[in-house]
Amino acid sequence: MALVIAGAGMAAAVSTGGYSPSQQDCAPNADASTTQTAQPGCHNFKVNVADGSGRRYAQFGIGQEAQNENPHSADASVTPNGQTPGQPASGPSVGTSVETANGPSVTPAVHTGTPDGSAASLLTGGQVYLGADDNLDTGEHDGVDGQYGTQKSVNGPSDGGDIEVNWHPAQTTTWLADLMVLAHGGSPAPIAENPVPVADAGGGSCADGTCIGVYTARRSIYQGGGAGPSGQSRDAYNYQGKTWDPYDCNSGDPKSEQACITEGGHSMDWYRQQEAHNVYVEPGVTVYEDPDPQASPAGPKQLYPLPSAYAGTCGVAAGGGAAKAPGSPVTNGAGQVVVSPTKC
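According to the working numbering, the sequence shown is numbered sequentially starting from -18.
Derived by calculation from the structure, the hints in this document are not laboratory data.
Since this is a predicted model, take the numbers as computed values, not measurements.
One or more of the hints may lead you astray.
What the hints assert, rightly or not - Beta-carbon label-pair distances, calculated as ranges:
1) Gly22 x Ser201: 21 to 29 Å
2) Ala208 x Pro235: 22 to 30 Å
3) Gln128 x Pro66: 23 to 31 Å
4) Gly314 x Lys282: 39 to 47 Å
Claimed, not checked - 27 Å max Cα-Cα, derived DSS-like pairs, lysine-lysine:
5) Lys305 x Lys324
6) Lys282 x Lys133
7) Lys133 x Lys236
8) Lys282 x Lys305
9) Lys282 x Lys236
Beta carbons: idealized from backbone N, C-alpha and C, even for Gly.
Given these sequences and hints, build the entire structure.
If you want it as structure tokens, here you go:
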């Protein structure tokens, strides 16, 4: 599965299944367009191996870069006791950091101690995470800066994505209960949304307003305020009830942030407030317009929003935007053909 990082010079928020600034050890505003420096400890590429509570047992990262810099630092560590993000490891650990900005230098770090058995928790649940963003591209910074009505829209960097593998064998009990309900005429949605209870995997990326994801279980990819017609939730491929921000509204620079108001009459925060509380991707393959108003679509204005497509355990869907389908029993209010026999 490929992780695509693209779109230099454009802004398109990372609305995919698992990417988050916290997984990258970054503050949400670390990539603000008005910030040219690197945030200490923040990474633009990160691999984490963690248990179900988020404690990390192995990690590797490439350090965030200042504007117009290329990658020049990296660090890695391993500990059998687990490490809470943002805190030093307790007990035994081995690690190293590499810096090449002023000539290559390698700094090893070895700490002694006694394993406390925490690693056994990986048997009951855990995650392997790989995430990256476009700060890898010469230190690009193009997230919102908190000005001009964007304070509540801070959502990490622009383009990027992630790949995840999660295991959670304890979910089998709930899954079997859902299966029994289905056998007695109940809803098939819980099984369709999580067809393999022991583990799930997936990945996705967003670039220049276009997002694509492949997942084996339902995931929330974006969280809005729930004030608009979409209400509490919607699927990323289903545009019914979505209030789209203006084409020129994005996080690329202060002028683009102000375009939300000058062209649409509302701030970026308002558009985020209109979005559903949870925007989901379902098991299968989904192509969709980035739901985050930070995004800057690269295609022609006439093609905004990008027509979506979905095929998976919850059904099939296609259309919307410039590709509206004619009215029919399976056409929704956004002009999309949506067939969902499982009612996810």
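Checked hints:
Hint check: Gly22 to Ser201, Cβ distance near 26 Å, so the stated range 21 to 29 Å holds. Against the hinted window of 22 to 30 Å, the Cβ-Cβ separation of Ala208 and Pro235 comes to about 25 Å, which satisfies the hint. Between Gln128 and Pro66 the beta carbon distance is about 29 Å. The supplied range of 23 to 31 Å therefore holds. Hint check: Gly314 to Lys282, Cβ distance near 22 Å, so the stated range 39 to 47 Å is violated.
Between Lys305 and Lys324 the alpha-carbon distance is near 22 Å, which keeps this suggested pair within the 27 Å criterion. In summary, the hint linking Lys282 to Lys133 is supported, as the alpha carbons are separated by about 26 Å, within the 27 Å threshold. Restraint check: the Cα-Cα separation between Lys133 and Lys236 comes to about 18 Å, which is no more than 27 Å; the hinted pair holds. Straight-line distance between C-alpha atoms of Lys282 and Lys305 comes to about 15 Å, which keeps the hinted pair within the 27 Å bound.
Of the supplied pair hints, the one linking Lys282 and Lys236 holds, its CA atoms being roughly 18 Å apart against a limit of 27 Å.
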